[in-house]
Each structure stands twice: as C-alpha cells, then as structure tokens.
Amino acid sequence: MADRHPRRVAVTAPDGELTYSELRERAGAVAAGLRAAGVRADTVVPLLAEPSLDLVVGLVAAVTAGGAYLPVDPDTPPKRVRLLLDGLDAPAVLATTATAALVPGATTVLLDDPGDVEGDPGGEPVRDTDLAYVIHTSGSTGTPKGVLVEHRSVLNLFRGTGSRFGFDENDVWTMFHSVAFDFSVWEVWGALLHGGRLVVVPHEVSRNPGRFRALVGAEGVTVLSQTPSALRQFVGTGAPPDKLRLVVLGGERLDVGLLRPWFDRQADDGPEVVNMYGITETTVHASLRRITPADLADPRVSPIGVPLPGLDFHLRGDELYVTGVGVARGYLDRPELTAERFVDLDGERAYRTGDRVRRRDDGEYEYLGRVDDQLKVRGYRIEPAEVEAVLGGHPEVAGCLVGARDHGDGDVRLVAHVVAPPGVGDDPVRWERLRSQLAALVTEALPRHLRPSAYFPVAALPLTRNGKLDRAAVLTGGEVAEGTEGEVDRIWREVLGADAVDHDLDFFDLGGTSLSLLRMFTRVNEHFGTELDLAVLLDGVTVSSLAAAVERATTATKG
75 MADRHPRRVA
85 VTAPDGELTY
95 SELRERAGAV
105 AAGLRAAGVR
115 ADTVVPLLAE
125 PSLDLVVGLV
135 AAVTAGGAYL
145 PVDPDTPPKR
155 VRLLLDGLDA
165 PAVLATTATA
175 ALVPGATTVL
185 LDDPGDVEGD
195 PGGEPVRDTD
205 LAYVIHTSGS
215 TGTPKGVLVE
225 HRSVLNLFRG
235 TGSRFGFDEN
245 DVWTMFHSVA
255 FDFSVWEVWG
265 ALLHGGRLVV
275 VPHEVSRNPG
285 RFRALVGAEG
295 VTVLSQTPSA
305 LRQFVGTGAP
315 PDKLRLVVLG
325 GERLDVGLLR
335 PWFDRQADDG
345 PEVVNMYGIT
355 ETTVHASLRR
365 ITPADLADPR
375 VSPIGVPLPG
385 LDFHLRGDEL
395 YVTGVGVARG
405 YLDRPELTAE
415 RFVDLDGERA
425 YRTGDRVRRR
435 DDGEYEYLGR
445 VDDQLKVRGY
455 RIEPAEVEAV
465 LGGHPEVAGC
475 LVGARDHGDG
485 DVRLVAHVVA
495 PPGVGDDPVR
505 WERLRSQLAA
515 LVTEALPRHL
525 RPSAYFPVAA
535 LPLTRNGKLD
545 RAAVLTGGEV
555 AEGTEGEVDR
565 IWREVLGADA
575 VDHDLDFFDL
585 GGTSLSLLRM
595 FTRVNEHFGT
605 ELDLAVLLDG
615 VTVSSLAAAV
625 ERATTATKG
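Its first residue numbered 75, the sequence shown is counted upward by one per residue in my numbering.
Hints in this document: simulated from the structure, not taken from any laboratory. For clarity, every value in this text was computed on a predicted model and none was experimentally measured. Take these hints with a grain of salt, some might be off.
As the list claims (entries may be wrong) - Pair ranges (Cβ atoms, derived): (1) Asp407 / Arg238: 42 to 52 angstroms; (2) Ala513 / Ala371: 16 to 26 angstroms; (3) Pro495 / Asp418: 50 to 60 angstroms; (4) Thr171 / Leu608: 14 to 24 angstroms; (5) Ala533 / Gly603: 12 to 22 angstroms; (6) Pro383 / Asp418: 19 to 29 angstroms; (7) Pro496 / Arg545: 35 to 45 angstroms.
We put the beta carbon where it would ideally sit given N, CA and C, even for glycine.
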C-alpha cells in the first residue's frame, strides 16, 4: 500500500497521524532493531504500547521483521505480565519509554525511540505457514492460553470477507478494542490490507458511548466492529452516523432484540448489520449472517449464518467443531491442551469449540450457547441465554443477565438482573409492574424450571475491557455495583486483573502495587474528568472511599 498510496493517511490516533509511506518508514526502523536483536520467522515478539501511533507501528514492525507479535495491554497487572511472558525467552520486547518499566531486565526496542540500526528491516520472505501473532485467552484453570495464528489464517479471513463487504481504500475503520483482544486483528489488518484508514480510539472514549459516537461521526467511520454488549450502549446514543455503512458484530452471543431501536431509527438504506461468529482459535471470525428487521420476529434465535470460505462446520451432538485454513496452529507451550482441543475429525484437523449450535434445514446455523455456561438447577441443565433472550424481548428491557443463586442446602435458583428504564428501579410501583410483566412473559414462553425466581433492576450491565458482558462482575448477592462506585469497581478490576473486588478492602490488600496504584488513579481521573489529588491515597483507599471522593469532586465542580 505504501507504493500504491504513499501519501494516503493510514492511521489516525490521539497523538497524530501517519501516511502509508510514513508508517512503512517508522515500522522499518523498528523492524531493523528487531532483526538486529535476533528476531526471525516464528520468533514471538511481546508488544506493550498504549493505543497510539506507536502501537500500530509495533504491529507492522513485528510482521515486517518476520516475527509474530504477542500483544500485552499496558493496563495488565505486573503479575499477569510476568505470567504471559514467563518462559518465552524473547530476544526483544517492543515497548515505549513509558511501558518499558513493565518488563524490567528485558531487551527492549523502543517504538518511540528505535535508534539508528543498520541493516535490512525485513528478512527472508514470509511463508504463509509462519506465525503471525499470539493472542492470549483466559483459561479455565486460571492460566491464560496463548493462541498461535499463522499468516495463512489471517489472509483467509480477508479473502473470505473482502469482496463480500467491498472493502477498499475509501473505508475508515476504528480500532476500538484492546490490542490483546483478537477483534483488533480484524480492525487493524482489515484497514491496512485494503488501503483504508484506521482510527485508534482512546480507551476513555471507548468507554463513553456518547463520545465514541461523536468520534465515529467526526472521523467519517464506515466500518464499525462491536460486541453486542458494546453496541447496545452505542444504539442508545441515537441514529447511526451518516457515513457508517457496515456494522460487524462478534465476540459474544447476539440477542437480536437489542437491534430493534437501531432498525427503528435508521432508513431503509442504513448500515448493513452482520453477525460474525468466531473465536480466537479460528482466527477472529468463522461465519457470517446479515441481520435484518425480519429477524426481530423471533428474538430467541441467535443466527450465525454460514461458514466463511476456507472453513467448514461439523456437529458432534450439538457441539461445534471447525475445520479449515482458519484453524490456529495450537497453544503456546501447551502441547497437552493443544492435543485436547485441536483434534482429528474424520482425517481433518479440527478445533473443538465448546460452543453449542444448531444447523437449520436451510443450511444456516444458530448459536445456542457455551457447553460450560450451562447451569445446573434442581437437576435441570439450563442455558442462561435462552432465558435472557425471552426477557430481552420485552420493549422496556435494555439488557439482562441470568445466573444461579445458591441459597444453601442445595437450594439453587435462577435470578435475573434486568436493565430497566431510568427511574423504574427506584420506583417500587413501576418496578413491580415491569417485574410482573417479565414473570408473565417467561411463564408464557418457558417451562417452570427455566423461570427466574427473583428479578433485580440495574442501571447497566458492566462490560469487560474487551467490550463483552462482564458476568463475573454481577455479585452473587443479586446486585450489580452501579453509578460511580460501579465504574470505580470496573477500573480496579481491570487494573488488578481480578474478577471481583471487595469494596471495603484497601487497594494493596487486593494485590495492588505502587505502579498499578498510580495507573488506577490516572484512569479514574481520566474517566470522571476529575483532578483528584494524590493525597486521597495517603491513608489507604478502597473502592467505596475513592468513589465517595469522586462524587465530592464532581459535585463541587457542578456547584
């Protein structure tokens, strides 16, 4: 692209922009440093950078040098950074001056100061079976799994979608997601491989639906990628921006009912909405299905369509196995787990997804849920998504989450957390009316064992840093932390890498460090637009005390 469109802007970020020619030049300088450090084909190169021009330069540089990038979010707690990089023996780490402190003792190539290194930035020609990147997913044992993805799998992804969606140099994409989340592969390389422009979204903007919508409109974004949970918040900001032509959904189950306000607000020639099923081990996306207003007729169905070219779906029972060129190589240094999940299926190498799907008579597939998400309640195996789809069909429900609550002595019951309209949860009369309607809805649609025994109103359902629904943040007591305290809770969990935090325990008692404390404090001030003084940390700080300090500061500002 640098030869064909040298002056075309490739990347726009909070710290400026780069043309394709400038991107090639900067990435080449960094790649030369990587080659000098010993990076060759299949060498894994850790990358730590904030959302910025440096981050995109690092991605391109790692591939240019012939290596494979392993992205690490700079907000990752130091303990987890060590866990991700333990035993990697990387010859060099890509970092910035600000993030190099997260990898003490490592040989670093600085993205913001690569120095003058003589030599060719590229090595031998890249083979399609060479490693392109390693992205970690969470593991059931608590140990993250590094997924090894080859160049041929990435190229197959865009061969199978480029012509279908008509991607070209006129498209503007957002890098909304964390680089450590595989949706970023689709966003970054979708833009750069087609000569488009990539807009790097600052983290604080990605967490503010109103500011994000304003950015999408101002930058003329044409291709938007979102998880359904993140889109639910985006939909609430108004009609789709004028230049937006395609919305790609993925990363979690789609409840089509959430799109009703979207379709109600847009014209007939509005953006195309496509649901793309996929997982990290099958290179981001594995299937696609266009979503239309007709799909709203049965909100309980989550359609995922048909496999992308180069991939095939197979069912064993109702569990999905995927074969084809998009299947990853395996897991980094986890041979036993690789053998367990990447299996032989009638002579083909297949990935066992752990997802439950159904094949319809017309050949399309519907997503049913995770095998391991099923709940055991009074002897019944229950799929929460089935109940959530029914509740989500109510016009006043903006979101919901169904889980199990243990009352002791084996008395486990279903409970539902419902995002009610503003003010309803605080008004006993209005809440009781809505609760009664929801109970009647599930009574009509579902058998007795699938009906929640209790309903809890919440202002919003929290999202993870990757934009997925944060089920772990829903407290077992039946409440979700809301408002200022809920937002502080989310920031603490992201910085600490914890599923849940006690709101009355000190930051250091929860495993925090001095470095992570400062990172958390900066994030809180950026998120709330406050200028809290470090003095509030001197006598120890908890989620509750910090939330109270934030509220005092915001109240004083308004006053």
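Here is how each hint holds up against the structure:
For aspartate 407 paired with arginine 238, a C-beta distance near 36 angstroms fails the hint of 42 to 52 angstroms. About 23 angstroms separates the C-beta atoms of alanine 513 and alanine 371, a value consistent with the hinted range of 16 to 26 angstroms. Hint check: proline 495 to aspartate 418, Cβ distance near 52 angstroms, so the stated range 50 to 60 angstroms holds. Between threonine 171 and leucine 608 the Cβ separation comes to about 22 angstroms, which falls inside the hinted range of 14 to 24 angstroms.
Remark: the range hint 12 to 22 angstroms for alanine 533 to glycine 603 is upheld by a beta-carbon distance near 19 angstroms. Restraint check, proline 383 to aspartate 418: a C-beta distance of roughly 23 angstroms satisfies the suggested window 19 to 29 angstroms. About 23 angstroms separates the C-beta atoms of proline 496 and arginine 545, a value inconsistent with the hinted range of 35 to 45 angstroms.
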